[in-house]
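Peer 1: Sequence:
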Amino acid sequence: MNRKVRVRFAPSPTGGLHLGGVRTVLFNYLFAKQNGGDFIVRIEDTDQGRFVTGAEEYIFNTLKWCGLEPDESPIHGGPFAPYRQSERKAGYRRYAEQLVKEGYAYYAFDTPADLDAMRIQFKSAENPSPQYNQNIREKMKNSLTLNAADVSKLLAEHVPHVVRIKMPLNETVSFTDMIRGEVSFHTSQVDDKVLLKADGMPTYHLAVVVDDYLMKISHAFRGEEWLPSAPVHVLLWKYLGWEADMPQWAHLPLILKPDGNGKLSKRDGDRLGFPVFAMNWTDPATHETTTGFKEKGFLPEAFVNLLAMLGWNDGTDREIFSLPELIEKFSMERVHKGGAKFDYEKAKWYNHEWIRKLGVKSLEFGVRSEFEKAGIQITDGVLLGKVIGLVKDRCTLLPDFVQQGAFFFQSPGSIDIDAVKPKWDDDRNMFFTELIRAYALSTLWETHDLEKEFKELAAANQLKPGDLMLPFRIMLVGGKFGPGVFDIAAIIGKEETIQRIKHTLQLLQL
RNA sequence: GGCCGGUUCGUCUAUCGGUUAGGACAGCCCCCUUUCACGGGGCAAAGACGGGUUCGAUUCCCGUACCGGCUACCA
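474 is the number that my numbering gives to position 470 of the first sequence; each next residue is one higher, with no gaps.
Mixed in with the good hints, there may be bad ones.
For lysine-lysine, the following DSS-like pairs were computed, each having C-alpha atoms within a straight-line distance of at most 27 Å [unchecked claim]:
1) 93 - 157
2) 261 - 93
3) 427 - 484
4) 506 - 456
5) 145 - 105
6) 333 - 8
7) 220 - 105
8) 68 - 506
9) 170 - 157
10) 68 - 105
11) 201 - 143
12) 333 - 377
13) 143 - 105
14) 157 - 143
15) 127 - 105
16) 242 - 93
17) 242 - 220
18) 68 - 361
Simulated from the structure, these hints should not be mistaken for laboratory data.
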């Protein structure tokens, strides 16, 4: 096979895009870009009952934030438009009809009530969930059990019906999965899935095969939850006569919840206090907002990096990769078979690493907006750059910059006076009073000058600098945190430094 | 229940038959730091179980157990 690599991400727009979805996008994207191929996004909106306004737009915003731009999609356009299955509705029926004509599928006229009745009737301890399969179909109302005349009549009267695939009696369907190797299924164990719904829309099963064929998809990657229906898809490729064009499959392992077992859901994030969606998602019906990684303060570089490492590694100890590096190193063969529990602590570590790795310039925009969100307007860009450089090593998430650096832009909102009081005495009071005088006369205002002066003054008063630096820090930043005290004093300047010392001295007098 | 998939430290993972089973996150200890971090050093921590195959199995095969996914006119 020597055709162009074309992969697709096919989400159904029903809500926020969660971790697993973005990882599927990422693996698709990496594989496509590595092979000089195309990355297509196709919207699988065949279930009109589940339409959610804003969900599609959200998906594209998310991809943009992650830097995973599609080559073709409903909004990017492309030679195989339309890319929304709802807009391709008219095209599917003929394939379903073709399958019926050739004996690979059949019409079924059972109503939803009939199906419910069937499930109740055949339900037993050994078979808790009866399927519409090769045994049951003999007992149902379909073009296999009805005579031709009746079928024609029902069809002519437009009686609601679906088209179901007719699973062969006794065959083994197998295919080679890029991650799992050969996977086999016995057709007697697979049910007669609906291909075309009564409303004329295809189900996922038909649509995915038809569109992957029409859009010349070369490799199909999706979550492991699709494995059980893979034999249906493989058979469809064969029955439609497209076997030679069938894409290579890869079923990705699931991302599991950190505690217990089971796949990660939005609820787990709410429960355990971490994001699951890539970006904030507001449910249009309930107006409930679910926090995303972006809004939580993650960098897209870190988000992509941590997602890639959930189930893949390059075979070395290396853990930090940029997107271009991932494109170069990625390989589907090195993707794990087993699911991975999501570890939020590790996720934060990736972000911390990226904050450290990225230069001041790359962080500026994000940090500035965090300050603005906190009500602090940044007017001095040079100052902002200095502050970022000084505190970034101690920031894990973007909002940490506010906590670590707000005092550079405004006087501390509160002073942790209780941390100073117990050890406060006249000597110290005297020292700081003198310090104000000394600093006021300083002509040099660099870190080391300030430190030197401070220590000389302490020595002259026979005081240990260690007993004075914590109070000084609290005067400048309000609490026991932040970078080196003299760095802070140097940056906020003479006037502000003296002002803050005076302010705390006043507080201590009360 | 059935079908399919999975199984190495608490977590993410390396190992393509021969290793003191390596790394990272988290934890603990020490150093550095006159705040808190960063950083450096160290400790503790794993091949689910039972059979094979083999000179030798974490690695290959089978079985068991456990976990997960699917079992809709949803994707």
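Peer 1: Confirm or reject each hint.
Peer 2: Right, here's what the structure says about each hint:
no.: 1; hint: 93 - 157; in the structure: 25 Å, holds
no.: 2; hint: 261 - 93; in the structure: 37 Å, violated
no.: 3; hint: 427 - 484; in the structure: 15 Å, holds
no.: 4; hint: 506 - 456; in the structure: 21 Å, holds
no.: 5; hint: 145 - 105; in the structure: 18 Å, holds
no.: 6; hint: 333 - 8; in the structure: 20 Å, holds
no.: 7; hint: 220 - 105; in the structure: 25 Å, holds
no.: 8; hint: 68 - 506; in the structure: 49 Å, violated
no.: 9; hint: 170 - 157; in the structure: 22 Å, holds
no.: 10; hint: 68 - 105; in the structure: 44 Å, violated
no.: 11; hint: 201 - 143; in the structure: 20 Å, holds
no.: 12; hint: 333 - 377; in the structure: 38 Å, violated
no.: 13; hint: 143 - 105; in the structure: 22 Å, holds
no.: 14; hint: 157 - 143; in the structure: 20 Å, holds
no.: 15; hint: 127 - 105; in the structure: 32 Å, violated
no.: 16; hint: 242 - 93; in the structure: 22 Å, holds
no.: 17; hint: 242 - 220; in the structure: 16 Å, holds
no.: 18; hint: 68 - 361; in the structure: 22 Å, holds
When the structure is compared with the earlier hints, violations turn up for hints 2, 8, 10, 12, 15 and for no others.
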